[in-house]
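Residue numbers (the numbering used here), protein chains in the order written: chain C, 2 to 498; chain X, 2 to 498.
Treat the hints with care, since some could be wrong.
A pair holds if it fits inside one copy or across any two, identical chains being indistinguishable in the list.
[Stated by the list, open to error] Straight-line alpha carbon distances no greater than 27 Å define the calculated BS3-like cross-link-like pairs of lysine-lysine that follow: (1) Lys109 / Lys60; (2) Lys55 / Lys367; (3) Lys32 / Lys289; (4) Lys368 / Lys432; (5) Lys264 / Lys29; (6) Lys388 / Lys101; (7) Lys55 / Lys487; (8) Lys289 / Lys101.
No wet-lab data here; the hints were simulated from the structure.
Read off the chains here:
There are 2 protein chains.
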Amino acid sequence: MLRRTFPRASAALKGLPLDGTTINSNVKSAKYAVRGNVLERSMELQRRMAAGEKLPFDKIVPCNIGNPHACMQLPLSFHREVLSLCISPSLASDHPNAFKRDVVERAKSYTSGLGGGVGAYTNSQGIPAVREEIAAFIAERDGHPARADRIYLTNGASEGVRILLTCLLRSGGKHDGLLTPIPQYPLYSASLALLGGTLVPYHLNEKANWGVEMANLRESLKTARGNGVEVRGIAVINPGNPTGNILAEEQIKDIIQMGVDEKMVVLADEVYQANIWKKGASFSSFKKVACDMGYSGEDGDERLQLVSFHSTSKGYFGECGLRGGYMEVHGIGAEVRAELYKLSSLSLCSNTVGQLAAGLMINPPKKGDPSFETFEQERDGILSSLKRRSIMVHKALNELEGITCNEADGALYAFPRIRLSKKASNTAEGKGVPADEYYCLQMLDESGIVLVPGSGFGQEEGTLHFRTTFLPAEETMHDTLKRFAKAHKKFMDEHRD
Amino acid sequence: MLRRTFPRASAALKGLPLDGTTINSNVKSAKYAVRGNVLERSMELQRRMAAGEKLPFDKIVPCNIGNPHACMQLPLSFHREVLSLCISPSLASDHPNAFKRDVVERAKSYTSGLGGGVGAYTNSQGIPAVREEIAAFIAERDGHPARADRIYLTNGASEGVRILLTCLLRSGGKHDGLLTPIPQYPLYSASLALLGGTLVPYHLNEKANWGVEMANLRESLKTARGNGVEVRGIAVINPGNPTGNILAEEQIKDIIQMGVDEKMVVLADEVYQANIWKKGASFSSFKKVACDMGYSGEDGDERLQLVSFHSTSKGYFGECGLRGGYMEVHGIGAEVRAELYKLSSLSLCSNTVGQLAAGLMINPPKKGDPSFETFEQERDGILSSLKRRSIMVHKALNELEGITCNEADGALYAFPRIRLSKKASNTAEGKGVPADEYYCLQMLDESGIVLVPGSGFGQEEGTLHFRTTFLPAEETMHDTLKRFAKAHKKFMDEHRD
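Using the sequences and the hints given, assemble the complete structure.
Structural data, given as structure tokens:
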């Protein structure tokens with residue numbers, strides 16, 4: 002308890018203990034557009050439709066968020082069956098012919114390692130057997146060793162980012178900052194606001210397919226330092242969200258070297274690593290490139306400090322609701338690892354079903370396993386359909402007046418630039434909303450399609466964008482794009498200067 | 002970004018970007034004893050046993066944490082079957098005779114409301130149908146209305162506490178405080194440390210069965226205010242953890258009135274509401290008493306601001322690993338509710354299986370349902386066994402030299418006081434650990450039983466305690482207590498002055 006006397010804050014005397022004037026101001030300043038005003042409006046429209054109101058469309062199409070199962074993507078059979086058996090192990094003995102051999106075996110191997118089954122708290126860092134599975138996956142993916150004790154299982158990737166940033170950003174002052182791409186996934190900006198940190202923007206180059214430019218990055222760092230910001234780390238999203246760019250190994254190398262030289266932790270958000278669409282492109286992890294460069298990350302080699310994040314929510318798995326994910330730390334010493342463990346232990350452990358889902362995601366059936374053929378069909382079906390849908394969406398967008406859109410080399414989104422008329426901008430200003438949000442709200446009201454304004458991700462001043470997923474079911478995509486085009490044309494016609 | 006210049010902190014120049022000197026100091030100062038040194042040591046012993054080393058015992062008995070399934074408590078059949086069907090809905094159609102009618106119906110009603118099944122993100126506040134179920138449960142329990150839009154589903158109760166405290170404690174200064182019982186569940190002390198808030202202790206009276214004393218509470222508040230702390234809320238754990246006390250309605254009334262008069266948010270941690278052991282005692286929720294007193298909590302009546310927490314982890318359900326829970330807000334206005342929603346949305350949503358588990362917990366089969374009899378047997382079997390075990394443990398502890406222990410009226414723990422010799426205290430001091438931790442470590446090495454030192458919860462100066470669950474399986478309890486008594490005697494004999 003503090004000893005020095007301090008006058009009671011006047012806000013608390015005037016206001017309620019918890020109201021808009023007395024709430025932690027960092028909470029108020031955090032913004033999360035993916036679930037912001039446009040989504041709120043869509044929920045209202047949904048309620049009005051349910052109450053019988055006639056609207057210009059018959060359903061809401063949620064393109065605001067990468068939520069594949071909500072767009073009719075089916076779960077993988079093997080993965081779900083194993084989870085069912087982990088939850089009710091007696092199903093396998095009661096119905097001996099109901100499950101394939103490898104399903105039963107995997108469920109048994111998980112539950113036998115769990116002690117109290119899925120109903121018990123696990124090690125706060127995550128189930129050891131699952132962390133071993135993940136380490137084996139990483140080692141095979143990268144061709145470099147990985148260790149289970151460097152892996153932390155989390156409720157989705159978001160929790161990992163929260164825990165890591167909580168350690169990195171020192172409280173009490175806005176002087177700790179994070180280099181963050183613009184546009185970015187707003188988890189970063191919101192977490193920074195919440196933790197009282199400073200977002201240090203580095204702009205991706207839209208003209209160069211949203212590539213990272215080192216000169217740009219260095220300039221941002223220099224400016225921030227000049228302004229007194231202690232730049233503690235650099236966040237990279239690869240493949241990019243919302244931009245869909247894929248970093249080449251050379252670029253990754255440059256970023257890693259900058260992290261080493263400038264003493265910054267590198268945060269590699271790699272949740273879209275299984276969503277690669279560009280012909281001939283492949284995913285290289287930051288961890289792989291770091292090891293190639295000789296940064297072993299072993300205790301004693303903390304020259305490069307790297308944390309990478311993965312999630313069960315994306316890829317071809319799309320298990321958003323299960324909230325599975327992990328982070329791997331590299332070059333982070335034992336003392337900080339213990340603090341990460343302690344922070345995880347404060348919420349006891351991440352949910353067990355999500356933990357097992359993370360294991361299943363990176364260790365699917367292998368050739369020769371009874372479930373392999375079905376798995377392969379399901380996986381390839383999802384990936385090839387996503388690729389086709391990506392092409393359809395980008396093609397359709399680029400055909401519209403005032404819209405240009407880079408191809409998505411990876412991830413699940415298109416992030417087109419829109420050029421709006423003065424009339425549209427003025428109308429938006431009159432309504433007190435940013436022009437891109439106004440556009441998205443109008444598009445929603447007309448078509449039922451939920452987009453996210455570019456301002457939620459950040460965009461170069463003077464430009465406007467929006468993000469859309471390309472997740473609507475393939476059989477509905479043609480119709481969705483027609484509705485989109487019609488609503489867009491109406492908007493443009495109604496707002497001509 | 003800040004504009005004023007500011008010298009780079011020297012720590013970052015000397016240390017690594019993320020090491021013990023540059024990590025957020027609030028993280029370092031947070032302690033969470035339930036998963037602290039004693040547990041670490043038990044994990045080491047477990048590894049050594051697995052490697053073949055002979056120890057004075059043949060298994061580790063985890064009494065450090067309320068983790069019933071890890072102690073062989075079986076899950077409830079109905080609840081788990083419904084969850085299995087929600088994860089793999091085709092099981093019901095593929096095996097039409099495998100599941101009882103009410104299991105199939107419940108699973109169908111959940112999945113039909115989910116849209117994308119358990120694999121899709123839900124509303125960030127939680128699945129509407131589950132929130133409706135919870136509101137109906139609360140209304141029936143309390144005899145007062147409850148509203149689904151005041152309920153937030155969370156990953157266990159811990160996440161709810163984190164979100165609420167994040168809103169309540171204003172950052173940038175240690176002047177915001179929370180009245181916290183001593184002893185307390187260390188989630189509160191750790192969260193306060195993490196958020197830079199001040200723990201304002203109020204001592205429960207061990208001699209009066211760990212009751213809350215209003216004079217004590219008022220004195221603590223006055224002292225804290227005198228020291229310049231803005232006391233923003235009061236946390237109450239009822240039934241108590243680690244103390245097992247149950248608050249009478251009169252006491253709850255007094256605390257509520259104090260919250261109103263002193264403009265403090267009341268945080269009611271009610272996760273043990275289904276664990277009531279004292280004959281004739283019953284659980285009264287803060288919400289019920291508040292409504293009885295006329296604090297409706299409706300918009301416009303924010304005189305009392307109350308947030309209550311519940312979890313799937315305790316009661317007779319014990320589903321810790323699923324990480325289900327909720328908080329209900331009362332007298333919290335729309336602006337703050339929107340901020341709570343935004344904070345929830347930053348992690349998208351809590352895990353869907355845990356959300357459904359919360360619904361199942363408070364809406365089990367009813368008389369006449371096909372699954373009712375089995376459910377009733379399972380529930381009553383668990384509760385009556387827990388009650389017997391509570392009595393066994395308390396009786397055994399009170400028979401030991403130097404130990405006195407209040408009965409647990411509720412919850413899952415005994416929190417005995419131990420009186421140690423000077424020799425024991427001096428030995429501990431020589432080893433640089435608190436005396437209660439030394440005792441727990443010695444007990445672990447001798448018996449394999451994992452306890453938590455009282456210092457992890459807070460205790461009156463000059464007193465020593467430890468917390469133990471009474472969760473070990475009933476058939477092993479006799480043996481566990483014998484081992485405990487033997488190890489305790491050895492400790493006492495070896496440390497006589």
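Query raised in the report: Checked against the structure, which of the hints given earlier come out wrong?
Result: When the structure is compared with the hints, numbers 2, 3, 4, 6 and 8 turn out to be violated.
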